[in-house]
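Student: Chain by chain, the residues:
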Amino acid sequence: MRASLAAILLCVSTAALAVDAGEIKVVQGSAYLERAGERLALKVGMPVREADVVITGANGSVGITFADNSRLSIGPNSNFTIERYVFDSTTYAGQFDGRLNKGTLAGVSGKIVKQSPEAMRVHTPSAIMGVRGTDFAVQVDRR
Amino acid sequence: MAVLAVAALLALALLTGRPVETFVVLPSADGHIGTVVVQRGDSRQVLNQAYATSRLGEAEVTRLSPAEVDRAYGAALHALPGRPASFLLYFITGTDELTEESKIELDKMLTAMRVRPLPDVLVIGHTDTRGEELANDELSAQRAERVKGFLIGIGIPGERIRTSGRGERELLVPTADEVDEPKNRRVEINVR
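First to last, the sequence lines map onto chains G and C. Here the working numbering is used: position 75 in the first sequence is 75, and no number is missing along the way. Add 1000 to a position in the second sequence, counting from 1, and you land on the number used in the working numbering.
Worth flagging that the hints you see were computed from the coordinates, not collected in a lab. By construction, the Cβ of each residue, glycine as well, lies at the ideal position given by its N, Cα and C atoms. A few of these clues could be false.
What the hints assert, rightly or not - Interface residues of chain G toward chain C, partial, derived using beta-carbon atoms under 10 Å:
1. Ala-36
2. Thr-81
3. Ser-89
4. Leu-100
5. Thr-104
6. Arg-132
7. Arg-142
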């Protein structure tokens, strides 16, 4: 009983802490979101958060606009995690870490990197890309 | 030659089971070209030209052709959300009434909302440099909240509107401290 109460309290505090990092703007083909081990259907307007994983099938792609106007899109057969997203809408200080485990990613940096260059990073299995304000694309090809 | 090199890399990836990782800088819609820095262990590559490409296992920065970019990234690029549109609103001093120019801006803003599938709106308040910085943070946040109220009043759902206050950090017209500059007392709206 005590354990379950603690679990409930933990859930509540986690929910209270979960801040929306951005919003799904484009969904095409087969794609879903993994959040806390659950598989969620993606739809336009849905908020995304830290630790969310976007997974696309062979014909799937997903576009996300983040709080700081950064934009990312995930191509087919991909797996992308929002590892960290912190953004102060007054100072524009923040940190954006994404991880492309496989597939393709396209992006346009936003206000975070205007305040601190390279505060937006894309991690891959063997590298880290710091973004200083540009359009970019990344591929992790596991053939 | 480049094709051979890529084929060799792919063969290597097949043999070792390591993925081929590629990073590319793309020109933006307005032609701007920025920079990315790719760090692998101790090696560091700076990409700062259109289509400059860094690929795992290649020491040199290479270049993809636009056709190659389209082949590899076309589907992802096609799903990129539209660029946020930005509008500036000014109010007649001491009132909640928009200036004549801003009424035209408001119309453009509403058009930008109509062409997006499910738009969200970001309202960003700004002040001039009169007063203390903290007080200006507060004032700009209040200004943004007032505009949110105004937008709700013309029918935009409140849950699709977020506000923030930038205080005096982002002057439209650069001035010294403690300068009364009406052009800096503004509200910026991003439609996304």
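Student: Please go over all the hints and tell whether each is borne out by the structure.
Tutor: Right, here's what the structure says about each hint:
1. Ala-36: 23 Å, violated
2. Thr-81: This interface hint is violated because 16 Å lies over the 10 Å limit.
3. Ser-89: Where the cut-off is 10 Å and the nearest Cβ of chain C is about 4 Å from Ser-89/G, the hint holds.
4. Leu-100: Since chain C brings a Cβ to about 9 Å from Leu-100/G, closer than 10 Å, the hint holds.
5. Thr-104: 4 Å, holds
6. Arg-132: With a closest approach of 4 Å, the Arg-132/G hint holds.
7. Arg-142: 4 Å, holds
Hint compliance for this structure: hints 1 and 2 are broken, all remaining hints hold.
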